[in-house]
Amino acid sequence: LTLASYVKNYGFSVIVSGGVSRIEDCVNTLKYGLDNVVVGKALLDGKFTFTEADETIKNEIEKMTVKTESMLLKRIIPCLDIKDGRIVKGTNFVDLADVGDPVLVAKKYSDEGADEIVVLDITSSIEGRVAFVQLIKDIAGVIRIPLTVGGGIKTIKDIREYLTAGADKVSIGSAAIKNPSLINQASEEFGSQCIVVSVDPKWTKNFWQIYIRGGKEPTGVNALDFAEDMEKRGAGELLVNSIDKDGTKSGYDIPLLDAISKKVRIPIIASSGAGRMKDFLEVFQKININAALAASIFHFKEVSIPELKNYLKREGVSVRPVSQ
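Residue 34 is where the sequence shown starts when you use our numbering, and the numbers rise one by one after that.
Hints are computed from structural coordinates only; laboratory data are not their basis.
It cannot be assumed that every hint is accurate.
[What the hints assert, rightly or not] BS3-like mimics (lysine-lysine), calculated; alpha carbons at most 27 Å apart, straight line:
no.: 1; residue 1: K346; residue 2: K140
no.: 2; residue 1: K170; residue 2: K116
no.: 3; residue 1: K107; residue 2: K141
no.: 4; residue 1: K116; residue 2: K249
no.: 5; residue 1: K211; residue 2: K296
no.: 6; residue 1: K74; residue 2: K91
[Said to hold, decoys possible] Label-pair distances were calculated between CB atoms; the ranges are:
no.: 7; residue 1: G79; residue 2: G224; range: 28 to 36 Å
no.: 8; residue 1: T281; residue 2: N321; range: 18 to 26 Å
no.: 9; residue 1: N255; residue 2: F83; range: 25 to 33 Å
no.: 10; residue 1: Q218; residue 2: K249; range: 23 to 31 Å
no.: 11; residue 1: R309; residue 2: P288; range: 15 to 23 Å
no.: 12; residue 1: K249; residue 2: S54; range: 44 to 52 Å
no.: 13; residue 1: E88; residue 2: K311; range: 44 to 52 Å
no.: 14; residue 1: T237; residue 2: R55; range: 44 to 52 Å
no.: 15; residue 1: R309; residue 2: T237; range: 21 to 29 Å
no.: 16; residue 1: E221; residue 2: S351; range: 27 to 35 Å
no.: 17; residue 1: Y65; residue 2: G253; range: 20 to 28 Å
no.: 18; residue 1: G349; residue 2: T84; range: 18 to 26 Å
no.: 19; residue 1: Q318; residue 2: D78; range: 50 to 58 Å
Every residue gets a Cβ at the ideal spot worked out from N, C-alpha and C, and that includes glycine.
Model the full assembly from the supplied sequences, consistent with the hints where possible.
The following block contains the structure:
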């Protein structure tokens, strides 16, 4: 199916055949965006009937339609940067200040109407991975919205550990640079919907260069090429963190986000630079992105999530209701 989906990306209609033994095999062709599937022996052997397959696929299409309509709504995502079990926030990835308790703050954002929460262990890739699995379990136990976890993820085992602890998705940064095949393996093992790739670029001379290790180590990798490669490898979403804009409250990095959005078709989360409600409006109106992430503006109570969502709705941006 992976090979067939690559062919589909070139604009062909694709019919797949061979290896169908369950109705789920037929359903999987939908998830890869394929057009038709040929079934022979499974029907003759009575593994399932045509009617059963037809009804199951119609139900799956209906579910996918609802999901697609939901994706059209713009998401507001608070981010909790964690160091030594506490939320911290800095500028340009440095000068970190203590903000509060992750569990209490996460519950507050969930209750206020946040669409998701991202929790990042920002020092794990520098000081060695510190297991904060219990913290993730505690946060997952008090929120009612999707949870994405990142920081020091290097292996399939790391991913499984966080998903088992209650995370819905994982964010992979440095490891995606050092071992790109991890994204292929992870998407195959857990599904693309669980895999977010963190893109941390800084404008360097004449291109956006990817940095790792908390923004301290340049890689020489072009962020636009990297984003395109990650999509091909199976990433389900990109979290784009502009190092130039981090903590500045001067607005999102529109040129960077625009350039990446024109390279990929998977959802993009804009991160770094939000300082006022107008910054969210600008990034949603100017660029084809799916979500906006912020930290300081929420942590320091400069803007509340209900206030922001009501503002965006008045300005014509489709967002989920606060009261859901």
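For the hint 20 to 28 Å, verify it against the beta carbon of Y65 and that of G253.
33 Å, violated
Verify the proposed pairing of K116 with K249, using a straight-line Cα cut of 27 Å.
Holds: K116 and K249 sit about 16 Å apart, inside 27 Å.
Hinted pair K211 and K296, Cα distance within 27 Å:
21 Å, holds
Okay, K249 versus S54 on CB: inside 44 to 52 Å?
50 Å, holds
At the C-beta level, are E221 and S351 separated by a distance inside 27 to 35 Å?
Cβ of E221 to Cβ of S351: about 33 Å, so the range 27 to 35 Å holds.
Quick check: does the Cβ-Cβ distance between R309 and P288 fall within 15 to 23 Å?
Once the Cβ atoms are compared, 19 Å apart, the range 15 to 23 Å for P288 and R309 holds.
Using the Cβ atoms, figure out if G79 sits within 28 to 36 Å of G224.
30 Å, holds
Using the C-beta atoms of T281 and N321, is the stated range 18 to 26 Å upheld?
This hint holds: roughly 24 Å between Cβ atoms.
Can you confirm whether the C-alpha distance between K346 and K140 stays at or below 27 Å?
The hint holds at about 24 Å.
Next pair to validate is K170 with K116; report whether the Cα-Cα distance is within 27 Å.
17 Å, holds
Outcome for the supplied range 50 to 58 Å, where the beta carbon pair is Q318 and D78
55 Å, holds
Mind checking the hinted window 21 to 29 Å against the Cβ distance between R309 and T237?
28 Å, holds
When held up to the earlier numbered hints, the structure conflicts with 9, 17, 18 and fits the remainder.
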